[in-house]
Each structure stands twice: as structure tokens, then as C-alpha cells.
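Visitor: The chain contents come next:
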Amino acid sequence: MQTETVQITVKLFASFRAGRFVEAKQTCVPGTRIADIISRLEIAPKDIGMIMLDNRHAEPEQPLHAGARLSLFPLLGGG
Amino acid sequence: MESLQRFLRANAPGGLLPWSRQAAAAEAFHQSWAEIEAAALALGLLPCRYQRNRQSISVEQQLRLFQSRVAVLGCGGLGGHVIEQLARLGIGSIVAIDPDVFEEHNLNRQLLSTIASLGQPKVEAARARVAAINPAVTLLPIRDTFAPSNGIGLLTGSQVVVDALDSVDTRLALAESCAELGIPLIHGAIAGWYGQVVTQYPGELSLRRLYPAGVASKGTEQQLGNPAFTPAVVASMETAEVAKALLGIGKALRGRVMTVNLLEMTFDEIVFEDGVPPHRAPLILPDPPGGKLPDGGVASTNIVPWSD
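If you're matching them up, the sequences are chains A and B in order. Mapping to my numbering: the first sequence position 46 is 46, numbers consecutive. Here my numbering = 1-based position in the second sequence + 1000.
Don't take each hint at face value.
Simulated pairs of lysine-lysine, DSSO-like, Cα-Cα distance not exceeding 27 Å [claimed, not checked]:
(1) LYS1251(B) / LYS46(A)
(2) LYS11(A) / LYS25(A)
(3) LYS1218(B) / LYS25(A)
(4) LYS46(A) / LYS25(A)
(5) LYS46(A) / LYS11(A)
Please keep in mind that the hints were generated in silico from the structure rather than gathered at the bench.
Okay, chain A solo, but in the shape it has when bound (with noise of 0.2 Å):
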């Protein structure tokens, strides 16, 4: 039997393309949601800060559909 999967797209910035990539597909089984992408490419948490969701401000709790549209930017509070 097979799984059921959904692709969505990651688009990374800033230092989180480090050792990782730009944009990339990324394939999950149905209920991922954006925290578990988050640990998948082994983004700490607490280095998250603004998260996007096809264009829309997103929370990590979030879950992730089909063609979903994902970016990842690091928190940056220096000054």
C-alpha cells in the first residue's frame, strides 16, 4: 500500500541557506506541519523568527498542505 504524500515548497533565507539551500521541493506525509519541516532541515527553534505561508504571516503549530509556499527567516535582533 502506498503512502499517501504531499510536496510543498521551502524557500530558506539569510543563514538558514547555509550548508542547506535557496528553494528546495520537500515531500511529507499529510498533517506535517511547519515545526516538523522546521527540525527536518535541523533549524533550531529558537533561531526562527518570521515564517510565512503562502504570502501570510504563519505560526509553527501550522500544518502544511498540498503546493504550500514556505519560507523560513532567522530572528535578527542586533542593532
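Use these hints to put chain B onto chain A, whose structure you have.
Guide: This is chain B only, laid out in the frame that chain A set:
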């Protein structure tokens, strides 16, 4: 007063008033440099120092900038450059707020830090620097930490507030005070090769999107540090937003954040589709004297996310 006006007109060939004549007028008429600068601008005479502002900033606009007060929170990497540029731009009154003294690890990027100023309050260095650039500009040094309890007192009277802080918590508190007072806030933040800038008017929530509830007070700058060039770039963008907000020109960076990546040399504009209530949609303001803006107001940037 009439004789002062006559003196200024007679000493401003081609409408340009040299500093030596500005200083002479102050002495002869027992007025401050600031009063003389304001009087000259009101007559349509441009102090020579602003000569290269012409076409970009008119004499009338120069007067408006000189009659403005801007508060700068933080006098470190961002704040040092912002204060320098505000003074050279001709902002008449600058409130500089920072509790710290300069330390050796500031020397890699903080404009106001020198070997001689190590151990000195940052706001005192700011005062000395501005006095050296233009004594007609007033810098009010406040050696204090911004907090909700003193925010109203620190910010009241300023037309625009600049966020040059280094703490997320303080930034969010600052945003609340600005909203309460109805003052536009120009936000900038940096980490390593990266930065971000956004302008938030009262009622808007851009900072809450950049810093969701529960995030740490320090960001990735703790690992990445801050090299010399990043604060200079982001501070310059913040200062441009200050000038536009005070003059009511151009297209403010509202409802969208500009991200800066100096390692890849890309600038990405992130539009908050849900970030600005419809009645507060990003303003398209009158064209600046230098020329018409291109359609959409912003050139040479990537529209992100997803331009398909």
C-alpha cells in the same frame, strides 16, 4: 529681525549661506546657530552644507527637516550611523537614548566608537560628534534604558522614532509605546551579513510578524556577530525612511519588510498581504522633487515570496 534677514540675504550669494556667515550672524545678532539656520531656511536661503541635497531635498523640505525631532533608540552599530546621517541630513533635533559605554568589541562597526571614547557613554560620544558636524543641530543625550515605564516621556515630542536597539523585547516594548503615542517607528535589525528594515505606523503589526510571541530576546547575531558593513547599510535604509516619513514623500516601507543579504548581495521585499488593514494600505505619496518614482515605487528589488 528685519536687519537679520537683510544680513542673511546679503551674505548668501546665489541663495547659499556659508558657515562662516552663519556663525557671524549668530554672533552679531546674539542668536544661536540653530536660530540662524532656521531663519535662513525660512528665507529660502540654503546653508552651504546642504548644497548637494538640492534636487533631492528642496529648501522648503530642508526647513521641515530642521524643524523636526527624531528619537534614536540605541547608539551602537545602527544608531551611530543613523545619528551621523540625521545630523548631516539636517534634522534639527535628535534625541539619542542608550545606557551603555563604549567597549573594545564595539570598534569593529560602531561609528561613534574610537580608542579615545572607550569607557565613555555612547550618548556623550553622539553629542560630541553631532556638535562637530553641525552645531546648529541639537542632540539631546539620554543615558537610560528604554522601558514601557519611561517610554512616553522619552518619545513624546518626536515625530519619528528609530529602532537601533539590540534586544527583541525592548523593540516590541518600543513598538507599543510608539503605537500609543501615534508615532511612526522605523525598525532595523542585523545579524552577520544580514539585515531587515520595516516602517511601522500606529495600528500596524509588522514587528509582531518579524518577532512572534515567545521568541528569544537575542537572535542569530549571537552566533554570527556583526561586521562593519551591515549596520551601515541597514542604518542608511532606516535614515531614508525617516526622511520620507518627515517629508511625506516616496513610498514608505509599510506592510512589507526589506530583507538584506550582503553575502549574496540580494534585497528581498516580503509583502505582508495580511499586514496592513485596508484603510492603512501602504501609502503612495507625492513624487519627490528629484523625479517620479517608477510604477510600484520600488525598483531593483525581488518581489518575494514567489513571483510566478
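Visitor: For each hint, tell me whether it holds in the structure or not.
Guide: We went through each hint and held it up to the structure:
At roughly 33 Å between alpha-carbon atoms, LYS1251(B) and LYS46(A) are farther apart than 27 Å, so this suggested pair is violated. Proposed proximity of LYS11(A) and LYS25(A) is supported: the alpha carbons are some 9 Å apart, at most 27 Å. Restraint check for LYS1218(B) and LYS25(A): not satisfied, since their Cα atoms lie roughly 30 Å apart, outside the 27 Å limit. For a cut-off of 27 Å, the pair hint linking LYS46(A) to LYS25(A) stands: about 24 Å separates their Cα positions.
Note on LYS46(A) and LYS11(A): the hinted pairing holds, with a Cα-Cα distance of about 18 Å set against a maximum of 27 Å.
Hints 1 and 3 from the earlier list are contradicted by this structure; the remaining hints agree with it.
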